[in-house]
Amino acid sequence: MFLALGLIVFALLQGLMAAKIIGSFWQLNITIIGINIILAASLNLINGYTGQFSLGHAGFMAVGAYVSVVLTTNFQVPFVPALLVGGVMAGLLGFLIGLPTLRLKGDYLAIATLGLGEIIRIVIMNIPYVGGAAGFKGIPHHTTFAWVFGFMLLTLFFIKNFVNSTHGRACIAIRENEIAAEAMGINTTKYKVMAFTIGAGFAGIAGGLFAHMFYIISPASFTFMQSFNYLIMVVLGGLGSLTGAIAGAFFVTFISAALASVPEFRMIIFALLLILLMFYRPQGLFGYVEITHLGPWREFFLRKERAKR
Amino acid sequence: MAESLLVIKDINVYYGAIHALKGVSLEVNKGEIVTLIGANGAGKSTTLRTVSGLLRSKSGAISFRGENIAHLAAHEIVKKGISQVPEGRRIFAEMTVMENLELGAFIRDDKEGIAEDINMVFTRFPRLEERKKQLAGTLSGGEQQMLAMGRALMSRPQLLLLDEPSMGLAPLLIKEIFSIIQDINRAGTTILLVEQNANMALSIAHRAYVLETGRITLQGAAKTLAASEEVRKAYLGG
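The listed protein sequences correspond, in order, to chains A and Y. Numbered according to the numbering used here, the first sequence spans residues 1 to 309. Numbered according to the numbering used here, the second sequence spans residues 1001 to 1238.
Bear in mind the hints are in silico, worked out from the structure with no lab data behind them. Hints are supplied without guarantee of correctness; some may be wrong.
As the list claims (entries may be wrong) - Pair ranges (Cβ atoms, derived):
| id | chain 1 | residue 1 | chain 2 | residue 2 | range |
| --- | --- | --- | --- | --- | --- |
| 1 | A | Leu276 | Y | Glu1067 | 36 to 42 Å |
| 2 | Y | Gly1066 | A | Leu154 | 30 to 36 Å |
| 3 | A | Gly132 | Y | Gly1041 | 40 to 46 Å |
To be verified - Not the full set, but computed from the structure, chain A residues with beta-carbon under 10 Å of chain Y:
| id | residue |
| --- | --- |
| 4 | Gln27 |
| 5 | Ala110 |
| 6 | Ala112 |
| 7 | Gly115 |
| 8 | Ile119 |
| 9 | Ala173 |
| 10 | Glu176 |
| 11 | Glu182 |
| 12 | Ile186 |
Glycine is no exception: its CB is placed at the ideal position from the N, C-alpha and C atoms.
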């Protein structure tokens, strides 16, 4: 069901691109939307479902990006294995960082992850082997719309299943009430670190996809402003909704691109939009709800879920 | 002599520099309702939270069925058979009543047993069954308390820790909740009850301890304590 829908969207977009109805500018932006959906969905697992406020997503993206470009450019590793290794390394780092920092709560966790994201960026900036502040050059162009779309589907499929599993229930319980979750016998540290690791891993894959789009990447692409951008997507779309993460990523990227000709107004319009949204819909566009729970198809999906029980 | 289930020996708990529990010892025997009464800030909830592993004691011992559990994390203590209804209920507000109960059985994986116990909870709290698809946050205070208790029973505990079940409830509801507590006890679950409403607590408990600024000052059969001049003056309003 989910896959079929994905394939239809893919065929439609690919067809429009082949027919040159979607020009190269929008083609590029649609690919970026795909990458941003991976980032927003993976951040949503940490921030939205598990309720752990993380601001270091760009850092994990950077790790995935640099690991994969070093592998493809310097060691001629094929694209997909390089991406996966980048994802695993980012996940591993997420695990190591998550263990100590996830003891912190709320604002403190946000500050700690913000700092760690910046540390990752500055460490990369000071490694001459990957080009330092000037950036890493000569990256082969591997990322196509098809690869991005495939990995995006994989990410969404994985996170959707994770959230609906016992592990996912545990994560949501932690978001709802950590003490009660603990009292239910849920090992809260374990599940927080698990969500953080998975989120970081997918951010790493997204980083690899992002890095292989252009000839060069530099640490400047992974500042905390980027982390904020992903956070905006998640909050705008709805914390705790995958549909929301997709909508948020689409919306933010689309508006950024559409306003590319007036960059000075971009942030002003964003800020206004966010203020309006928080005023009228503080839970984000979708809140905790998925699109499958709305509209005329609601009954169909609910019946399916009930049949599963 | 009754078989003791929970034995707390000389525990000391600190909040930073504040010495909250100063050598508290108490015992809960199998099949009993034991209540811990005392004024605000005496350390009642602190005692419960230390047993359930949410707080740690600096010294002393806590043993459950003869096994030392003082060093265990909260989620491991649940697996040993102690379940807590936290103060202020702490239900999962954005989840349905059903999902709350399912999470209560998080440590179990016997599907049939879980379904059986959900039915057991619904028989005990018929109002929860009527509202099983409703978001827990939309329930009334009394219903939320019932849900919190039902959820705690879902792990099939041997010992149930209840923290201020009467908090914020109307007198009639308090009566209902307390009679349910008695029913749960009669069905075989041992209960350690922390309560501000000393009158109600003493009326259903077998034994009681009085806690005053971190120390146990009185203990004995609930009936004896309810009749004692000292307790009447301090906690029962004359």
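To see whether the hints hold, each was checked on the structure:
Taken as a hint, the range 36 to 42 Å is violated for the pair Leu276 (chain A) and Glu1067 (chain Y), whose Cβ atoms sit roughly 58 Å apart. Our hint of 30 to 36 Å for Gly1066 (chain Y) and Leu154 (chain A) is violated, since their Cβ atoms are close to 51 Å apart. The hint said 40 to 46 Å for the Cβ distance between Gly132 (chain A) and Gly1041 (chain Y), and at roughly 58 Å that hint is violated. The closest approach between the C-beta of Gln27 (chain A) and any C-beta of chain Y is roughly 39 Å, which is over the 10 Å cut-off, so the hint fails.
Look at Ala110 (chain A): its Cβ only gets to about 21 Å from chain Y, farther than 10 Å, so that hint breaks. Annotation: Ala112 (chain A) was flagged as interfacial toward chain Y, and the flag is violated, the nearest CB pair being 21 Å apart, outside 10 Å. Violation of the interface hint for Gly115 (chain A) is found here, the shortest Cβ-Cβ separation to chain Y being roughly 25 Å, above the 10 Å cut-off. At a threshold of 10 Å, the smallest CB-CB gap from Ile119 (chain A) to chain Y is about 30 Å, leaving the interface hint violated.
Against a cut-off of 10 Å between C-beta atoms, the interface hint on Ala173 (chain A) holds, since the closest Cβ of chain Y lies about 5 Å away. Interface hint status for Glu176 (chain A): upheld, as the beta-carbon distance to the closest one in chain Y is roughly 4 Å, under 10 Å. Taking 10 Å as the C-beta contact cut-off toward chain Y, the hint placing Glu182 (chain A) at the interface holds, the least distance being around 4 Å. For Ile186 (chain A), the shortest C-beta to C-beta distance to chain Y is roughly 6 Å, which falls under 10 Å, so the interface hint holds.
In terms of the numbered hints stated before, the structure departs from hints 1, 2, 3, 4, 5, 6, 7, 8, listed from lowest to highest.
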